[in-house]
Amino acid sequence: MEKIPDEGPALIVYYHGAIPVDYYYFLANVIIQKGRTCHSVADHFLFKIPGFKLLLEVFSVIHGPQEECVRALKNGHLLAISPGGVREALFSDETYPLLWGKRKGFAQVAIDSQVVQQAVQSLIDKHQQIPGSILRALLERFYTKHKDH
Numbered sequence: 001m002e003k004i005p006d007e008g009p010a011l012i013v014y015y016h017g018a019i020p021v022d023y024y025y026f027l028a029n030v031i032i033q034k035g036r037t038c039h040s041v042a043d044h045f046l047f048k049i050p051g052f053k054l055l056l057e058v059f060s061v062i063h064g065p066q067e068e069c070v071r072a073l074k075n076g077h078l079l080a081i082s083p084g085g086v087r088e089a090l091f092s093d094e095t096y097p098l099l100w101g102k103r104k105g106f107a108q109v110a111i112d113s114q115v116v117q118q119a120v121q122s123l124i125d126k127h128q129q130i131p132g133s134i135l136r137a138l139l140e141r142f143y144t145k146h147k148d149h
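Quick note: the sequence shown, position 95, residue 95 per UniProt numbering, numbers continuous.
Hints listed in this document are in silico derivations from the structure and should not be mistaken for laboratory results.
Predicted model only: the values in this text are computed from it and were never measured.
Hints may contain errors.
Okay, derived cross-link-like pairs now, DSS-like style, lysine-lysine, Cα gap no bigger than 27 Å in a straight line [to be verified]:
#, residue 1, residue 2
1, Lys34, Lys3
2, Lys3, Lys74
3, Lys34, Lys74
4, Lys74, Lys53
Input sequences plus hints: build the corresponding full structure.
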């Protein structure tokens, strides 16, 4: 927490576990210790859930086009990005392969905004993994099928 500035922008890049509880604790600590909120980038599908968009806006969640991320940073906000997002959370395992695909926009955001970048180390434990190969296979099939459309 000592590297998170008391004021001004900072870009925080973190690993998105299956249930990113460590990130939720991080957000709570930012509010408690720094008296600040942290804008978070979420997958665009969350904004399509009926009634969810308003909730996301209240919690300073954005859907993450590069321009919107740069704007948040230039306005002095903290911004947290998980490049692998839901895909990395669902399909990575204990060997932790990076599953960013073509998601490298966060690096361009860092360049364009010229702000301090601070990585948050996540706990990559068994409780963050999707259990069982059958469940994983179903999720992979569902996610891939619906992601293409």
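Consistency of the hints with the structure:
no.	hint	in the structure
1	Lys34 / Lys3	11 Å, holds
2	Lys3 / Lys74	19 Å, holds
3	Lys34 / Lys74	19 Å, holds
4	Lys74 / Lys53	23 Å, holds
The structure shown violates none of the earlier numbered hints.
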